[in-house]
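Student: What follows is each chain in one-letter form.
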Amino acid sequence: MNKILKIQNLTKNFGSISAVSNVNLEVEEGTIHSVIGPNGAGKSTFFNMISGVIPPSNGSVYYKDKDITGFESFKLPHMGIAKCFQITNVFPKLTVRENVWASIFSCSHKSKVDLFKSMNDFETIDKDTENIISDVGLSHKIDDKAEELSHGQQRMLEMAITLGAKPDLLLLDEPTQGLAPEATVEMTELIRKLSKNYTILLIEHKMHIVMEISKIITVLNFGEKIEEGTPNQIKNSKKVQDAYLGRK
Amino acid sequence: MMKNKYSFIALIIFLFVGPFLFPNATIAEMLIFGIVAISTNIMLGYTGMLSFGQALFFGTSAYISGLMLLGGFPLFLAIPVATLGSFIISLFIGYFCVKREGLYFICLTFAFNQMFYFIAYVWHDVTGGEDGLVGVERPAYIDSQLTFYIFTSMMFLFAVIALYKIVTSPLGLIFKLIRENANRAEAIGYNVRFYKLISFSIASTFTGLAGSLYVLIHSMVPIDQIHWLKSGDIIFMTLFGGVGSFLGPLIGVVGYIWLSDTFSIIWARWPLIMGVIFAIVVLYFRGGVSELLENLFKKYKSISKKTEHEQNIKNTKLN
Ligand SMILES: Nc1ncnc2c1ncn2[C@@H]1O[C@H](COP(=O)(O)OP(=O)(O)OP(=O)(O)O)[C@@H](O)[C@H]1O
Ligand SMILES: [Mg+2]
Numbered sequence: 001m002n003k004i005l006k007i008q009n010l011t012k013n014f015g016s017i018s019a020v021s022n023v024n025l026e027v028e029e030g031t032i033h034s035v036i037g038p039n040g041a042g043k044s045t046f047f048n049m050i051s052g053v054i055p056p057s058n059g060s061v062y063y064k065d066k067d068i069t070g071f072e073s074f075k076l077p078h079m080g081i082a083k084c085f086q087i088t089n090v091f092p093k094l095t096v097r098e099n100v101w102a103s104i105f106s107c108s109h110k111s112k113v114d115l116f117k118s119m120n121d122f123e124t125i126d127k128d129t130e131n132i133i134s135d136v137g138l139s140h141k142i143d144d145k146a147e148e149l150s151h152g153q154q155r156m157l158e159m160a161i162t163l164g165a166k167p168d169l170l171l172l173d174e175p176t177q178g179l180a181p182e183a184t185v186e187m188t189e190l191i192r193k194l195s196k197n198y199t200i201l202l203i204e205h206k207m208h209i210v211m212e213i214s215k216i217i218t219v220l221n222f223g224e225k226i227e228e229g230t231p232n233q234i235k236n237s238k239k240v241q242d243a244y245l246g247r248k
Numbered sequence: 001m002m003k004n005k006y007s008f009i010a011l012i013i014f015l016f017v018g019p020f021l022f023p024n025a026t027i028a029e030m031l032i033f034g035i036v037a038i039s040t041n042i043m044l045g046y047t048g049m050l051s052f053g054q055a056l057f058f059g060t061s062a063y064i065s066g067l068m069l070l071g072g073f074p075l076f077l078a079i080p081v082a083t084l085g086s087f088i089i090s091l092f093i094g095y096f097c098v099k100r101e102g103l104y105f106i107c108l109t110f111a112f113n114q115m116f117y118f119i120a121y122v123w124h125d126v127t128g129g130e131d132g133l134v135g136v137e138r139p140a141y142i143d144s145q146l147t148f149y150i151f152t153s154m155m156f157l158f159a160v161i162a163l164y165k166i167v168t169s170p171l172g173l174i175f176k177l178i179r180e181n182a183n184r185a186e187a188i189g190y191n192v193r194f195y196k197l198i199s200f201s202i203a204s205t206f207t208g209l210a211g212s213l214y215v216l217i218h219s220m221v222p223i224d225q226i227h228w229l230k231s232g233d234i235i236f237m238t239l240f241g242g243v244g245s246f247l248g249p250l251i252g253v254v255g256y257i258w259l260s261d262t263f264s265i266i267w268a269r270w271p272l273i274m275g276v277i278f279a280i281v282v283l284y285f286r287g288g289v290s291e292l293l294e295n296l297f298k299k300y301k302s303i304s305k306k307t308e309h310e311q312n313i314k315n316t317k318l319n
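One line per chain: the protein sequences are A and D, in this order. Quick note on my numbering: the first sequence kicks off at 1 and runs consecutively. Quick note on my numbering: the second sequence kicks off at 1 and runs consecutively.
Calculated from the structure, these hints are not laboratory results. Some hints here could point you the wrong way.
[Claimed, not checked] Computed beta-carbon distance windows for the label pairs:
#1 K166/A with D143/D: 57 to 67 Å
#2 S60/A with L91/D: 27 to 37 Å
#3 K206/A with A10/D: 52 to 62 Å
#4 Y62/A with R100/D: 32 to 42 Å
[Stated by the list, open to error] Straight-line C-alpha distance at most 25 Å; calculated DSS-like pairs for lysine-lysine:
#5 K117/A with K176/D
#6 K141/A with K298/D
#7 K99/D with K75/A
#8 K66/A with K6/A
#9 K298/D with K5/D
#10 K64/A with K215/A
#11 K110/A with K165/D
#12 K166/A with K176/D
#13 K112/A with K165/D
#14 K165/D with K145/A
#15 K110/A with K66/A
#16 K141/A with K176/D
#17 K5/D with K145/A
#18 K166/A with K6/A
#19 K176/D with K145/A
#20 K127/A with K93/A
#21 K93/A with K298/D
#22 K176/D with K112/A
#23 K75/A with K176/D
#24 K117/A with K165/D
Where a beta carbon is used, it is the ideal one built from N, C-alpha and C, also for glycine.
Bound-form chain A, shown alone:
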C-alpha cells in the first residue's frame, strides 16, 4: 500500500510545554485517517506543523517521499496538500464566488502573466468555481458576501476554498465543529463523498462520525500517540478509554 504522508518523530515544544512529542504516523493513499484526542491533546498543533503554519521543534514530514518539513505554508497547496481550518477562516468581505475562485486560481495559473489578465479570461476556473460551490450546496449564495452566510454555510465555504486547490491530500481540522445536527450529517456525507477522490487526514471530536468513516484512527493524549488502529480496535482499547475518562 502506498503511503502518501509519512511523519517521523514530530515534536513541538512551546517553552516548557510539549504540545506534540515524538509522533510517528503514516497515511495510506485513498483512505480516511483520523486523529482524535481530548481537548488540548495537540491535534491542531500537529496539523499546523504538517501544513507549515508552525515550524516543528523536531522530526520530519514526508509527502510522496519528499521531505517537506518546515516548508512555508503557501508552498503546500501547489504540491497537493490543502488544509481546512478548525476556526472558520474565509475572506469575509468577498463573495462566495471570489473566495473559491481565488483558491482555484492560486494553484492553476501557470505563469505570472495570468496575474495581469482580465478576470473574464478564465472560463475553466469560472466553471470549476461553480461546480465546487454546487458540490458544497452553496449555489444559491454564490454572489453573497462570505460574512453574510450562516455559521454552517461558512463551514461549507471553508471546505470549498480548501477543495479549490484540487489537492491529493486533505487536512480537515474539526470540520463539524459548532454545526447543528442536520448540518453535521450533511458535512459527514460530504466527507464520505470526498473520500472517493481524496486522501483525508481528519481531526474530529464527534466519536460516532470518526468511528463510522475512518479506516485508521490515531489517538493523541498530552501530545503523545497512545494508540492506533481500526475503529473497532480503538473502541475496545483500554488506554483510549482511560485517556477520555481520565480527562472528564
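Got chain A; can you put chain D with the ligands on it based on the hints?
Tutor: Chain D with the ligands alone, transformed into the frame defined by chain A:
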C-alpha cells in the same frame, strides 16, 4: 459595474470641465496627485497596507526627472527613467518593509522617507537643498496652457487605465485577499510577502510617475515634495476621498487641493480647518466623501423608485 460606469463618465466630464473651474497649475496638480492617490489606494484600500513614505518616491522621481531635464535630456526619456528609478527603489525598500506588519511597517516606510529627505537636504549641489531644484524648463511643445493640459490629462488617463486594469485582474483580487485575511491567503497558496511587495511597488512606481510630471508645473522641485509631511498629505487625500472605491481617492485630491487653495488665501492657519475636516471624515464617514456621495445617490434612487411605484399603483387604480 454600473457604479464604475457612472464614475468613469463623471471622470471624463471632470477632465473637460476642470480647466474652466480651476487655475492651470491647480488642475494640473489635481491630476498629478490624482495619480498618486489612486495608486496609493491600491496599497492602502485594496491590500490594507499603510505606508507613511510615499513622498520618498514622489520626490526622488521629481528630482531625477528635473535633473535630467536640466542636463538637456528629452522629457520622453526623463519620465520613464524617473519612473523606472522609483520602481527599482521601491523593490529595494519594499523588500525590507514588507518583512514587518502593521505599526512596524509604517515606521519602516517613515524611516526610509526621513533618510531620503535628509539626503536631499544635505546634498545641496545636486538637489538644491532647502532652496529646491530650480530652473527646470518645460519643453516648447507643452509650453502653452492648452498643450500642457492635454499632456497631463493624457498621462493621467494612461495611469488610471493601467491601474484599473490591475484592480480588475486576478492580481487585484489577490490584494483584496491579503487585506481580508492574510493567513488564509497564504494557506491557499499565495506568497503574501511577495504580493505585498508587488502592491507596494505598483503604488510607488505610479507615485514616481506622478513625481516626474510634477516638476513641469512650477518648473522646480521644492524640498517639501520629499518631506514626510507630504506622505501624510497623500494618506489624508486618499482617506478623505475614500478607500472603498477605485476613483474615490481622486475626489479627496480635488477636495483637498481646492479647500487648501481657498482657505490658505483667507487664513494663514488653514491647516487647522483641514485637521478638523479630517477628524470628522475619519470619525463619521469612514468610507470618505465617495461613500457619502454613493449613499446619497442610493437614497435618491430608492426615493425615485418609490414615487414611481406609487405612481404605478395610482395608475392601476385609475384603470
Ligand atoms: N502558540 C502556542 N503557544 C503556547 N502553547 C500552545 C500554543 N498553541 C497550542 N498550545 C498548547 O498546546 C497544547 C495543544 O494544543 P492544540 O490546540 O494543538 O490542541 P487540540 O488537540 O487541537 O485541542 P482542541 O481539541 O481543543 O482543538 C495545549 O495545551 C495548548 O494550550
Ligand atoms: Mg484543535
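Student: What are the numbers of the hints that this structure violates, sorted from low to high?
Tutor: Violated: none.
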